[in-house]
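Peer 1: For the record, the sequence lines run as chains A and B.
Residues in the first sequence are numbered consecutively from 608, following our numbering.
Residues in the second sequence are numbered consecutively from 25, following our numbering.
Honestly, the hints are just simulated from the structure, not real lab data.
The structure displayed is predicted, hence computed values, not measured ones.
Where a beta carbon is used, it is the ideal one built from N, C-alpha and C, also for glycine.
Partner residues are not named here, just some residues of chain B that face chain A (Cβ under 7 Å, in silico):
{"no.": "1", "residue": "67"}
{"no.": "2", "residue": "123"}
{"no.": "3", "residue": "129"}
{"no.": "4", "residue": "130"}
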Amino acid sequence: NAGVTQTPKFQVLKTGQSMTLQCAQDMNHEYMSWYRQDPGMGLRLIHYSVGAGITDQGEVPNGYNVSRSTTEDFPLRLLSAAPSQTSVYFCASTHGLADSYEQYFGPGTRLTVT
Amino acid sequence: GQNIDQPTEMTATEGAIVQINCTYQTSGFNGLFWYQQHAGEAPTFLSYNVLDGLEEKGRFSSFLSRSKGYSYLLLKELQMKDSASYLCAVRDMIKAAGNKLTFGGGTRVLVKP
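Between the sequences and the hints, there should be enough to build the whole structure, so can you do that?
Peer 2: Quick look at the structure:
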C-alpha cells in the first residue's frame, strides 16, 4: 500500500491564481481531512469528509473548496490564492470503524503564495 | 469549541525523562491523541487515551484525566532522535464529524548530549 499520497510536494503561486492540491489513499478509509500548518504552530482543520459525497467545513475553511467523488480521492482547491495561504498542507485519512482512531498523514504540500 | 494548551518548547538531556503537559477545554470529548512530528515531516501517531489512566508503550507513556481536562506525554531514556515537536490533539465527540481532531500548538523538544 502507498498509504496517503499528496501532490505536488512544493508549489509557488502568484496572488489570485487557483490550483488544486491532490490527495489520495489506497486503504479504503472513509474519513479524510485537510489541515494546514503554519510555522511553529499546530495543525488547523480546513475541511473534512466522512465518506464519498459528504464534506463539511473545519476550523479555517474560507478560500478553500473540497469534493469527495470517490472514497480514494479528496482534492483541495484554492479558489484565488492569497499570501495568507502560504503554509504546509497535510491530508489525512482514518478508517470509519468505531474503534479506529489513528490518522494517517500524507507527506505534505509546501505552498508559497507571492 | 476546543482550546488546547501545551508548552512551546522544552529542553532535556540525553538519557533523561521529559514530561509534556497538555490541558484542554472542549465542548465534546472522544479521545486525546499525541503525535510526533520531526522537522519537515508529517505527524506520526504515538498514543491514544479515551479513558482515565496511564497507557504505556515502550519508552513513551501517556496519561489522561478527563475530570481535570489534562494529559501528559512522558518520554523516558531520551535519545537524540526524540528531538521533535509533540502535538496534543482532542477528538470531537460527534460521530458525524468522523475523526475530526483539534490540535494544540505543539511542544518542541530539544534533546542535548
